[in-house]
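**Student:** The lines below spell out each chain.
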Amino acid sequence: MESPDKEKKILILATDSCAYPGADSVGQAHSSYPANTYILRVRAPVMFPEQFYLDCFKKGISGIIIMSCGEECPYEGAYKALATRIDAVYQLMKKQDLDIRRLRLTAICTVCNRAFLKEVNLMNDLVQEIGLPEMD
Amino acid sequence: MSDPKEKKNENSVNRSEKIGVYVCYCGGNISDHVDVEKVRDAAEKMPGVVVARTNSFMCSDLGQDLITQDLKDGLIDRVVVASCAPSLHESTFRGAITRANGNPYIYDHANIREHVSWIMHGEKATFKAEKLVGAAVGKAGLLEKLDPIQVNSRKHVTVIGGGIAGLKAALSAADFGLNVVLIEKTPFLGGNAAMLDKIAPFGEKASDLISQLAKSVLEHKNITVKTHCRLVGFDGYIGKFDLSVKTVFTDPSDHEQHPGHFVPFEGVETDTVVEEIIETGAVILATGFKSYRPDHGEYGFGKHKEVITLPDLIKQVGKVEGSSTLELDGRKIRSIAMIHCVGSRQIPGIHKEDENGYLNEYCSRTCCSSVLFMANKIREQFPDTNIYDFYRDIRTYGRGQEDLYDKASENRVVFFRFDATESPQVIPSSDSDYPLQVTVKDGLTFNEEIEVPVDLVVLATGMEAGDISDIVSMMKLPVGTDKFLQEVHPKLAPVEMAVSGVFLAGTCQAPMTIGEACNGAAAAAAKAASLLGKGLVELDPYVAEVDTALCDGTGACVDACLADGALAMVDGKALVTPALCLGCGACVAVCPSRAIDLKGWSLKQYEAMVDMIVAE
Chain A
1 MESPDKEKKI LILATDSCAY PGADSVGQAH SSYPANTYIL RVRAPVMFPE
51 QFYLDCFKKG ISGIIIMSCG EECPYEGAYK ALATRIDAVY QLMKKQDLDI
101 RRLRLTAICT VCNRAFLKEV NLMNDLVQEI GLPEMD
Chain B
1 MSDPKEKKNE NSVNRSEKIG VYVCYCGGNI SDHVDVEKVR DAAEKMPGVV
51 VARTNSFMCS DLGQDLITQD LKDGLIDRVV VASCAPSLHE STFRGAITRA
101 NGNPYIYDHA NIREHVSWIM HGEKATFKAE KLVGAAVGKA GLLEKLDPIQ
151 VNSRKHVTVI GGGIAGLKAA LSAADFGLNV VLIEKTPFLG GNAAMLDKIA
201 PFGEKASDLI SQLAKSVLEH KNITVKTHCR LVGFDGYIGK FDLSVKTVFT
251 DPSDHEQHPG HFVPFEGVET DTVVEEIIET GAVILATGFK SYRPDHGEYG
301 FGKHKEVITL PDLIKQVGKV EGSSTLELDG RKIRSIAMIH CVGSRQIPGI
351 HKEDENGYLN EYCSRTCCSS VLFMANKIRE QFPDTNIYDF YRDIRTYGRG
401 QEDLYDKASE NRVVFFRFDA TESPQVIPSS DSDYPLQVTV KDGLTFNEEI
451 EVPVDLVVLA TGMEAGDISD IVSMMKLPVG TDKFLQEVHP KLAPVEMAVS
501 GVFLAGTCQA PMTIGEACNG AAAAAAKAAS LLGKGLVELD PYVAEVDTAL
551 CDGTGACVDA CLADGALAMV DGKALVTPAL CLGCGACVAV CPSRAIDLKG
601 WSLKQYEAMV DMIVAE
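Protein chains in written order, with the working numbering: chain A, 1 to 136; chain B, 1 to 616.
Be careful, since some hints might not be right.
Pairs of lysine-lysine, BS3-like flavour, derived with a Cα cap of 27 Å [unchecked claim]: (1) A:Lys-6 / B:Lys-604; (2) B:Lys-604 / A:Lys-95; (3) A:Lys-118 / B:Lys-476; (4) B:Lys-124 / A:Lys-59; (5) B:Lys-155 / B:Lys-221; (6) B:Lys-476 / A:Lys-80; (7) B:Lys-319 / B:Lys-205; (8) B:Lys-38 / A:Lys-6; (9) A:Lys-59 / B:Lys-205; (10) B:Lys-407 / B:Lys-198; (11) B:Lys-38 / A:Lys-59.
One-sided and incomplete, this derived list gives chain B residues near chain A with beta-carbon spacing under 10 Å [claimed, not checked]: (12) Cys-84; (13) Asn-101; (14) Val-248; (15) Gly-553; (16) Ala-589.
In case anyone wonders, no lab produced these hints; they're calculated from the structure. Built from N, CA and C at the ideal position, the CB exists for glycine as well.
Okay, chain A solo, but in the shape it has when bound:
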């Protein structure tokens, strides 16, 4: 096992109504995926300001996957606002020489097992390849 201080951690912000039960569904199917993934249940990821993402990278999170409900978000207009914010985060990441692939916005439903596994594995491949973020 990779020692805890070297683990390239992936933070998953999973929506309470779609992606979090989707992650439960993956577990119920006993489908394995990398251990360096930490799923936090959120009502709507639109609540996080740009600085939250930058702070996460600064603290040592290697990758963040926002698993939203996509266009099926129960909060009308939230997904559009979120997408706009993530664009703004990308601009800030570029300014700080952070690989923007470290942050990914996806839509995962309650039974999107394959999509969930694909996203997690892709992000894990990436963070294993590019390593921990380096920020001042």
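Start from chain A and add chain B according to the hints.
**Tutor:** Quick look at chain B alone, frame taken from chain A:
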């Protein structure tokens, strides 16, 4: 199972919060893969934690007692439980806290089963579990007492589907005092059960059962039945759903519709399509199943007219009256082969997939009893007709069903057992006296090759999920790998769906007997009644709140708010109207002074969670 160690957690000195952490073994589901005691040891040293305990089943009375006792003793003022998915037991543990006179919102949950032990094992699983418990502890330290929001709900339930489960659900809900609308797409009530004659294992007439239920439903003052009616729209939330339904009194494909116009030799046409909104508080789905239709050539089906399905046989035999000789379509039936597991228990690599590459790998659970019931009926009513039963396994589970098997032996039904890899072959008979013969390698006689000439082959076809893709899509319902609607948990929440306020009844959920379907329907009605009976539903108080001392009055939160009227500027400060707030947090992200946050899901709490995840 350990008690907390005596030594004091130095990380908790000088902290005001007193967090209790309770880690579940889940009877091995977690502890087989995660070192639960190690997780407990780690939790005990986390900031703010004053006690950490383990139990075989934290959801059991004994497990919950650990929490309630610590609260009553004043040992803790916040609770973290590390166990299964929060959708299963969050309410259980909040209930335990409430019983100890605590506030149910001083609680957070670490999912170390679905997100850890069911996907990995060993050291890395234990390490991840520790991190997730740490994140929950980080959040728990910032939790505050909250009061739930109460929303008026409608004492009304809508049942979709007028089969036996729908009828039973409607009647039960109405008897609980709810107003009920039952919608059924066909002109008839009874569903698939109406296709049956007598019901296994005890032989009641299906027509009697349905007639009795339907009469009670139609006469009940609390129930409105709408036939020819389909769901076309779904909106709202638990306690207040708006269902758009369309009632089509004639088949629109018959002719072009012109309400108000004279139709030659018919008369002036009236509106034949009525659309309306049903305002309801909960929905019970009772959309039923469809019977498996064998492929062309599967056991000779479609190639030989003498090969029929079990539902066909039930229908045909049900019409035969007053004769001791079985004749179908003018032919005397001297011998019948009955083949089990047709369209059920299909095995990849052995059975043919459908056009979408799908196999029915599940057992349909009702066919074995139904086959044996019919075999006994035929042997007793038409003693000159011999029955040959070809089975993989006999699964006559449940009360009274094994007796059917014993009785079939007494009735001299002849059994042959086949392996799935060597299914019986149905071919034209070499004996000119019979149209078909069934050949099989019989496992009961040490794989002896047997040829049985027969007049009729009956395929025991199983159940498949009904085609309700429109409803699934409209209501965003979870569907299992078997294509049936999926409950939240088969044991703990067997009739609840992930969509709050939507319940399951009958065979839309899984293959089951009529008795089981009625049990499920009654359970769904009881759930709906307990939910709506009080006339109000308690919702979690996760709404925005403003720290007026920090608010600079920029109005950015009002601009970002997604709910009309939920936020407004009053005297230069942001003001939240809780009843209108969606709790999405769109306002939180845009406040430059961090004066607004979401109760129970605050930005500060997420930052604390991340801190614990990255902590070394």
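**Student:** All hints are to be evaluated individually against the structure, with a verdict given for each.
**Tutor:** Hint check:
Taken as a hint, the A:Lys-6 and B:Lys-604 pair is honoured in the structure, with Cα atoms around 26 Å apart against an allowance of 27 Å. With a C-alpha separation of about 26 Å, the suggested pairing of B:Lys-604 with A:Lys-95 holds against the 27 Å cut-off. For the proposed pair A:Lys-118 and B:Lys-476, the alpha carbon gap of about 22 Å is at most 27 Å, so the pair holds. Among the hinted pairs, B:Lys-124 with A:Lys-59 is consistent with the structure: their alpha-carbon atoms are about 21 Å apart, no more than 27 Å.
Restraint check: the Cα-Cα separation between B:Lys-155 and B:Lys-221 comes to about 14 Å, which is no more than 27 Å; the hinted pair holds. At roughly 20 Å between alpha-carbon atoms, B:Lys-476 and A:Lys-80 fall within 27 Å of each other, so this suggested pair holds. A C-alpha spacing of about 13 Å is found between B:Lys-319 and B:Lys-205, which places the hinted pair at or below 27 Å, so the restraint holds. Of the supplied pair hints, the one linking B:Lys-38 and A:Lys-6 holds, its CA atoms being roughly 21 Å apart against a limit of 27 Å.
The hinted pair formed by A:Lys-59 and B:Lys-205 fails the criterion: a straight-line CA distance of about 70 Å is larger than 27 Å. Taking the CA atoms of B:Lys-407 and B:Lys-198, the gap is near 17 Å; set against the 27 Å cutoff, the hint holds. Distance restraint check for B:Lys-38 and A:Lys-59: the Cα-Cα separation of roughly 26 Å lies within the 27 Å cut-off, and the hinted pair is therefore satisfied. Hint status for B:Cys-84 relative to chain A: holds, with the closest Cβ pair at about 9 Å, below 10 Å.
A distance limit of 10 Å between C-beta atoms decides the matter here; for B:Asn-101 the minimum to chain A is near 27 Å, and the interface restraint is violated. A cut of 10 Å between beta carbons decides the hint on B:Val-248: the least distance to chain A is about 29 Å, and the hint is violated. Below 10 Å, beta-carbon pairs count as interface contacts, and B:Gly-553 has none with chain A, the closest being about 19 Å; its hint is therefore violated. Against a cut-off of 10 Å between C-beta atoms, the interface hint on B:Ala-589 holds, since the closest Cβ of chain A lies about 4 Å away.
Going down the numbered hints, you'll see the structure goes against 9, 13, 14 and 15, while the others check out.
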